[in-house]
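Chains as they are written, first to last, in our numbering: chain U, 1 to 323; chain B, 1001 to 1323.
By construction, these hints were calculated from the structure, which means they are not laboratory data.
None of these values were measured; they are calculated from a predicted model.
All C-beta atoms in this analysis are idealised placements derived from N, C-alpha and C, irrespective of residue type, glycine included.
Wrong hints could be hidden among the right ones.
As the list claims (entries may be wrong) - Some, not all, of what chain U presents toward chain B, calculated at C-beta under 10 Å:
| # | residue |
| --- | --- |
| 1 | P34 |
| 2 | A35 |
| 3 | R44 |
| 4 | A57 |
| 5 | Q111 |
| 6 | G234 |
| 7 | R263 |
| 8 | V273 |
| 9 | A281 |
| 10 | A284 |
| 11 | D286 |
| 12 | L293 |
| 13 | A294 |
| 14 | D295 |
| 15 | V297 |
| 16 | A298 |
Protein chains: 2
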Amino acid sequence: MGRRTPSDLLAAARDGDRAALARVLSLIERGGEPAREVGRLVVRESGSAATVGITGAPGAGKSTLTNALLDVIRAADQRVAVLAVDPSSPFTGGAILGDRVRMGDHALDDQVFVRSMATRGHLGGLAVAAPEAVRVLGVAGFDWVLVETVGVGQVEVEVAGQADATLVVVNPGWGDAVQAAKAGLMEIADVFVINKADRPGATETRRDLERVLDLAGVKGDDRPPVCLAVGTSGEGVAEVWSAVTQRLGHLRSSGMLDERRRRRAGDEITRLVAARLLERAQAATDSDRAADLADQVAAGKLDPWSAADELLAAHAEAAPERG
Amino acid sequence: MGRRTPSDLLAAARDGDRAALARVLSLIERGGEPAREVGRLVVRESGSAATVGITGAPGAGKSTLTNALLDVIRAADQRVAVLAVDPSSPFTGGAILGDRVRMGDHALDDQVFVRSMATRGHLGGLAVAAPEAVRVLGVAGFDWVLVETVGVGQVEVEVAGQADATLVVVNPGWGDAVQAAKAGLMEIADVFVINKADRPGATETRRDLERVLDLAGVKGDDRPPVCLAVGTSGEGVAEVWSAVTQRLGHLRSSGMLDERRRRRAGDEITRLVAARLLERAQAATDSDRAADLADQVAAGKLDPWSAADELLAAHAEAAPERG
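In isolation and in its complexed conformation, chain U is listed as follows (with noise of 0.2 Å):
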């Protein structure tokens, strides 16, 4: 048997074949021509998934809720993919929680799907591999692909703000409000969902958050629900579900969801253009004379904006722009 042409692993994946599924995620997650072959391939398939991003601090309890979240999906007998997207980290590889582990109760469920994705240190990566990787599993046939992101920084909030609608999950304490607030998290909210509720302090969050809303002036129907739920134990997770379809309803009959997608398609373009001059921008600094200019800078002999500007104009020369 020959070796399967990225065209061939998707149509396996399409028929249910899991493992090509699998190897599909995989070559988009390495990029480079077979990831771009990828998206050649799934663009005019349009999959009719709908994408959820689920975003928090770490530790607020964001794959529990995730799990908590894949019995509801499934009790109502639809697919559903979890895609968690990792930062880059070559010392752990993502494989401390792997994605067995993660699947729980559903590992068997051949209705759901669970991968993990890491950059593995390519500048601009994730946010330009996790919007190929939603298009890959729509065309798989899922009904949902759910997001979840590890941390809250500025990428991790970027890829879950891509998704069709956004579940901040923040924990009791005043803090996590502010926190919540400090790291961008209000601008892509569209569902709160105060997790671990059942300890002390979950009201005044909730009220905190209110608040911080009112402030921001937004008003009926584009202000996020806050949600109380208890992922360990599934408390509450069938009304965050709810709130979830309820305000999809909300921004497919408003027109607001084709307008995010349009905008979302225009960051994606401007990602991969960025991505394509990044990897201009490495191949100009990764030579003996970029090491020497690295030398002057360190030393106090030349400032790293002259640095830039020689490296820029010596890689003009050597590989001048083509289409």
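Position chain B against the provided structure of chain U, taking the given hints into account.
Relative to the frame of chain U, chain B by itself:
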């Protein structure tokens, strides 16, 4: 009185004018030609400031610990500046936790300077602006610059990792050790602090962290010590600082600090080159044609790679690379 130039402002900042120093830092934050001029002015003045990155999950108590460290540093009669690095958020603008509130007991101490810094949305901004700000604070005569990040996302970890030494703050609870590893913090830690160590589980977390370090095979002088501290009471904070200074001593004597600074200078140049190229990417994707391509991608009529190609080609024709 005429408008003061970056050079005037920098001279005033060197003489202890705090308002001038704040204005120079604003110039850097905003970027563009004035930032560049500041960059050229400061590079040749070898400020002797040592930088310490302080990072960890939101809510880990980094600000409280930083304030407790200020007490220790001031007790040794040294001048110290804090650069609090916030993710970009147009909604909060860093206003919720203002610099004055942050300074606490040190608000009237003119040997302490605290400044929040945000990117205000421009790509690559913080990673480019933070090292420049550190140099300015060095020129202004601070012995120490503490660079505190709000989150543990990709950008935040990168910024904290640019310091001479990096302090990673976690809390009691196994989850945090896993999260720290997942967020890529193990690679950048010079000293671990288990803050809020008066809570249950501190010794278990220390054991877990030591085990992760064992697994990573980090030994001898290269192994980050794990300290216990309570930021709110100041307990253990002097020991944390002593661990930091010892570690810096080792980095200095072993030549590793010079190596780090060289690598950092190289990274900074790469980032500047990338930032320049990103500006071009944004210019290339801000057009009617780009909006039209985004519509096609959103409608599933075109793949984003082809859209990016077309924009790159059009951009190359319109504005060829210059030195």
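Taking the hints in turn, this is what the structure says about them:
| no. | hint | verdict |
| --- | --- | --- |
| 1 | P34 | violated, 12 Å |
| 2 | A35 | holds, 9 Å |
| 3 | R44 | holds, 6 Å |
| 4 | A57 | holds, 5 Å |
| 5 | Q111 | violated, 24 Å |
| 6 | G234 | violated, 20 Å |
| 7 | R263 | holds, 8 Å |
| 8 | V273 | holds, 4 Å |
| 9 | A281 | holds, 4 Å |
| 10 | A284 | holds, 6 Å |
| 11 | D286 | holds, 9 Å |
| 12 | L293 | holds, 6 Å |
| 13 | A294 | holds, 4 Å |
| 14 | D295 | holds, 6 Å |
| 15 | V297 | holds, 4 Å |
| 16 | A298 | holds, 4 Å |
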